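Trainee: Chains as they are written, first to last, in this note's numbering: chain F, 1 to 301; chain A, 1 to 301; chain W, 1 to 257; chain G, 1 to 257.
Derived by calculation from the structure, the hints in this document are not laboratory data.
Simulated crosslink set (DSS-like; lysine-lysine; CA at most 25 angstroms straight-line):
{"hint": "1", "chain 1": "F", "residue 1": "LYS139", "chain 2": "A", "residue 2": "LYS139"}
{"hint": "2", "chain 1": "F", "residue 1": "LYS248", "chain 2": "G", "residue 2": "LYS60"}
{"hint": "3", "chain 1": "W", "residue 1": "LYS120", "chain 2": "A", "residue 2": "LYS93"}
{"hint": "4", "chain 1": "A", "residue 1": "LYS248", "chain 2": "W", "residue 2": "LYS60"}
{"hint": "5", "chain 1": "W", "residue 1": "LYS19", "chain 2": "F", "residue 2": "LYS3"}
{"hint": "6", "chain 1": "A", "residue 1": "LYS68", "chain 2": "W", "residue 2": "LYS120"}
{"hint": "7", "chain 1": "W", "residue 1": "LYS122", "chain 2": "A", "residue 2": "LYS133"}
{"hint": "8", "chain 1": "A", "residue 1": "LYS133", "chain 2": "W", "residue 2": "LYS120"}
{"hint": "9", "chain 1": "G", "residue 1": "LYS19", "chain 2": "A", "residue 2": "LYS3"}
{"hint": "10", "chain 1": "W", "residue 1": "LYS140", "chain 2": "W", "residue 2": "LYS222"}
{"hint": "11", "chain 1": "W", "residue 1": "LYS60", "chain 2": "A", "residue 2": "LYS288"}
{"hint": "12", "chain 1": "G", "residue 1": "LYS120", "chain 2": "F", "residue 2": "LYS133"}
{"hint": "13", "chain 1": "W", "residue 1": "LYS120", "chain 2": "A", "residue 2": "LYS139"}
{"hint": "14", "chain 1": "W", "residue 1": "LYS122", "chain 2": "A", "residue 2": "LYS93"}
{"hint": "15", "chain 1": "W", "residue 1": "LYS149", "chain 2": "W", "residue 2": "LYS222"}
{"hint": "16", "chain 1": "A", "residue 1": "LYS133", "chain 2": "W", "residue 2": "LYS177"}
{"hint": "17", "chain 1": "F", "residue 1": "LYS139", "chain 2": "F", "residue 2": "LYS68"}
{"hint": "18", "chain 1": "A", "residue 1": "LYS139", "chain 2": "W", "residue 2": "LYS177"}
{"hint": "19", "chain 1": "W", "residue 1": "LYS16", "chain 2": "W", "residue 2": "LYS177"}
{"hint": "20", "chain 1": "F", "residue 1": "LYS93", "chain 2": "G", "residue 2": "LYS122"}
{"hint": "21", "chain 1": "F", "residue 1": "LYS139", "chain 2": "G", "residue 2": "LYS120"}
{"hint": "22", "chain 1": "G", "residue 1": "LYS120", "chain 2": "F", "residue 2": "LYS68"}
{"hint": "23", "chain 1": "F", "residue 1": "LYS288", "chain 2": "G", "residue 2": "LYS60"}
{"hint": "24", "chain 1": "G", "residue 1": "LYS122", "chain 2": "F", "residue 2": "LYS133"}
{"hint": "25", "chain 1": "G", "residue 1": "LYS122", "chain 2": "F", "residue 2": "LYS68"}
{"hint": "26", "chain 1": "G", "residue 1": "LYS177", "chain 2": "F", "residue 2": "LYS133"}
{"hint": "27", "chain 1": "F", "residue 1": "LYS139", "chain 2": "G", "residue 2": "LYS177"}
{"hint": "28", "chain 1": "W", "residue 1": "LYS122", "chain 2": "A", "residue 2": "LYS68"}
{"hint": "29", "chain 1": "G", "residue 1": "LYS222", "chain 2": "G", "residue 2": "LYS16"}
{"hint": "30", "chain 1": "G", "residue 1": "LYS120", "chain 2": "F", "residue 2": "LYS93"}
Partial list, derived from the structure: chain G residues whose beta carbon lies under 7 angstroms from chain F:
{"hint": "31", "residue": "ILE64"}
{"hint": "32", "residue": "PRO69"}
{"hint": "33", "residue": "PHE85"}
{"hint": "34", "residue": "SER128"}
{"hint": "35", "residue": "PHE158"}
{"hint": "36", "residue": "PRO162"}
Just some of the chain A residues that point at chain G, by a computed CB distance under 10 angstroms:
{"hint": "37", "residue": "MET1"}
{"hint": "38", "residue": "LYS184"}
{"hint": "39", "residue": "SER203"}
{"hint": "40", "residue": "SER204"}
Predicted model, so just to flag it, every value in this text is computed and none were measured. A virtual CB, placed ideally from N, CA and C, is assigned to each residue, including glycine.
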Amino acid sequence: MSKQMTMKDAIARFVRDGDLVVMEGFTHLIPFAAGHEIIRQKRRDLTLARLTPDLIYDQLIAAGCVRKMIFSWAGNPGVGPLHAFRRAVEQGKPRPLEIEEYTHFGMVLRFMAGASNLPFLPTRNYPGTDLTKVNPHFKTIRSPYGDEELWCVPALHPDVTIVHAQRADADGNTQVWGLYGVQKEAAFASRRVIVSVEEIVDSSVIRSDPNRTLIPGAIVSAVVHEPFGAHPSFVQGGYDRDNDFYLKWDAVSREEAGFQKYLDEWVHGLPDRAAYIKKMGARFDELKADRQMCEPVNYGF
Amino acid sequence: MSKQMTMKDAIARFVRDGDLVVMEGFTHLIPFAAGHEIIRQKRRDLTLARLTPDLIYDQLIAAGCVRKMIFSWAGNPGVGPLHAFRRAVEQGKPRPLEIEEYTHFGMVLRFMAGASNLPFLPTRNYPGTDLTKVNPHFKTIRSPYGDEELWCVPALHPDVTIVHAQRADADGNTQVWGLYGVQKEAAFASRRVIVSVEEIVDSSVIRSDPNRTLIPGAIVSAVVHEPFGAHPSFVQGGYDRDNDFYLKWDAVSREEAGFQKYLDEWVHGLPDRAAYIKKMGARFDELKADRQMCEPVNYGF
Amino acid sequence: MAEYTTSELMVSRAAKELKNGDVVFVGIGVPSLAVNLAYRMHAPGICMIYESGAVGCVPKRLPISIGDPCLVTGSLAVVPMLDVFNLYLQRGLIDVGFLGGAQVDRFGNINSTVIGDYAKPKVRLPGSGGACEIAALAKKVVITIGNSKRTLPERVDFVTSPGYLRGGRERESLGLKGGPELVITDMGVYRFDPETREMVLVSMHPGVTVQKIKENIGWDVKVARELTETPPPTPEEIRIIRDELDPQGIFLKSKAG
Amino acid sequence: MAEYTTSELMVSRAAKELKNGDVVFVGIGVPSLAVNLAYRMHAPGICMIYESGAVGCVPKRLPISIGDPCLVTGSLAVVPMLDVFNLYLQRGLIDVGFLGGAQVDRFGNINSTVIGDYAKPKVRLPGSGGACEIAALAKKVVITIGNSKRTLPERVDFVTSPGYLRGGRERESLGLKGGPELVITDMGVYRFDPETREMVLVSMHPGVTVQKIKENIGWDVKVARELTETPPPTPEEIRIIRDELDPQGIFLKSKAG
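Only chain F is shown next, with the shape it has when bound in the complex (with noise of 0.2 angstroms):
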């Protein structure tokens, strides 16, 4: 049956104060639109997990929306650092912010381990590192063939993942192309899964390309019809990333008065992402994707 509905209700429904929430996208289909409608509806004491918080849990943070982040690189890729978030951690400003951090390769193991129901996964990982001293997560077994010594990462289970894809059926049965992350892992590791695309398709197109379906509707609480629902970063097929956004975000979010005032005038001003939209105007049009289509496959017998 379907699950469709609107981001203000999934979010109503699906996102609590204090749940663990992992909004997920490896710098492609980083669901923004979910997270600003976090921040219009003032969720509280989130813990967020992430491997690259990346602009959107800045936000979070300096909406006052976080508790602790769990995280492997926090930074703006390629321009410089996030400011909310150092200043929370450097400062406490405007509160303290718990943090437990991994790596690129230990935060996707830790989805991984969730997703498949086991207490933990092995890596070759972490020897020398000061990381394992400073995060008493990573704990050691050793092998029962020959005796090396490994390192493990617990699972990860988060209350609530949201991602962003190209397509979805109604039912929730969704496909993405292009860079992956580690969508599919952290939705399995999820209670709940809030998906959002660009594009809501009959059943027939999903079937006639099983092969592409990442997330099945049977792990999906609600579908959400949001384009251009990733900006600034982008979708595969869709639209650009928006690299002067990225640029210029530093100098936007550099004091904690400009952050404000973005989040005033961009999302707690703006009632949803149509708005959204249409403030962003002829942008929009400047980021739209080539058309570069793929080859198609026969799935005839």
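Based on these hints, arrange chains A, W and G on the given structure of chain F.
Mentor: The following block gives chains A, W and G in isolation, referenced to the frame of chain F:
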């Protein structure tokens, strides 16, 4: 650079007596042409690993190529037993066959552990089964988080893995759609990889849909252009599974003599797959797949 | 009332175990027919998963193997087997798994590995395939098997797929959830006692007697206080099975009448 | 001889470390420029992998993030990050990994986590990202960093990515292979002593003196017996860098002359 060569050359160069050989493909894309060439080149003392030995390994056993088999389900799907396998295990005819037995999940994890260069992988499977009593390679480990006990299987590292696919470029960048089985994990776990394909395509075709690439050229030793190389198995979008062949195989292979007669006529009696196709004649027209193309997607930005 | 075969009755009974929306791990033969019957009758929202990696299948013909191309064409998703076992089965997404075997014992343990000694087998069977993990990790398991002293011994020669092991709390004590819920044979239907975890006869197919059951099972089987008769397949069910699901009678060879 | 910037020299020098056919884990900035320069000069068979999952990339523009869409379009493969780390990096497929950081010490350990105490940082840096696993699991690592007492201290404040730790055999004793091979700064090039695993100055850029190096490094650095001058970029290399790789000068802002 191009790695394209004939099946004869690929087997001669990369499959050696005593090797641990994997020919994967779960029902789909079973590399029968490669199996027949290994029989023709009279490889001996092979250890064969595969989830479902299927007819391909039963033929290698009857041909005297095999010393040991590592597997999880040894039958003719939907039809009955593998007769050469049963003769070897029950009566030691033509020679005894050493076996090492897992379950599908266990075999998949063995390949994934090998592909990930880990000594083992854990699972919640196996409490209570007698398999762990007859196979000493199953070992337990205590989770460093809480203290649940989990069963583990050891990494599998084939000397050579052989897979069949729809298409690859001459460098070995290989694309598959339809059932994936464990080809990717088996290939990455292996020291050498032979890929046979229905079609050699220009790299531009591969590059038009990079998410479809299952095996990268970086790990491929040889690429063989082998149309109908999977028959009597099937190729999604190419040709149907030859279910009649599988049904009739039961009678063909029930007696040692009949089995040898088949090998003489269809393997030893033929120089290569081209001759096999010629001999099959009109049958391949009947098996040819209908056209059911997927919706193409846009990779532009 | 329409004539029907015992197999058709078993298919019809197994189909009744499936609820709309269930995620079902499907095997070949009776399980496949039962799931497809439920899909056409009362459970259009059922999600069929095959261990080959096909999810949400809508097979246009009866698959004779669990990896048939007809399971892929038009399916909702095709995933690597690593995902089938890690992300679907071990993750706990599978509501119902169907299993068969050469032997099922008093506590629902299944043998599909060997008859006789493992090292010197009388009969070497195919082995587990995905059966062991389905028995261990699915939320509930439905078993179909013939009813005879050979197929239903007190103790299986080899535990390929764990049921309740030696009964009582042993399965739970090893950290396993779920377990077999129902055994459907060609003579009757069995459930498991919530305390002893022993198979209990709960219904008999039309024309079968308790005596006949007792003569065809390897231990002194307990009989439920309210023993019912297994409802026969409806004419509509028979029509779907014969005309739509198995028109060539590949799995249900002996037609009635 | 053509004018060039120090950054252009670093890019040119780093490119020379890449052989045709190498599988290279690429980062943003100098590494990305170096790999793309090698690809256009002497290593057309190079395979670029980005931790975002793009393999065999042919970027039509300079990516400003490691997840830029131009890395996907026309690439040979796009894979889940789980595969990038398990099947490519941990599996041992990566020949060369490029790393930078805020600090690199005497034994090639890299800090990109914090300046000062971890619990009360003076400066909080982005953290490891994929750097720790690249340093631990790639066959060889090439480091680029500025040459100053601040960036090259005797001991990093925090070991984000392991080099040779405290030198000698410590890295091997922990089961790690590979390790840093080369450090390229804005003043010179360093290698690691095979015994002590300590950074040794092996070449200086044109115009740089040993004294200047010693004034801009956090310990009494050893100098190789045959100290050479770093070869400057050729006019062709400079042309490619300026006209093809970074036309807007995003990473190499200060043009020479």
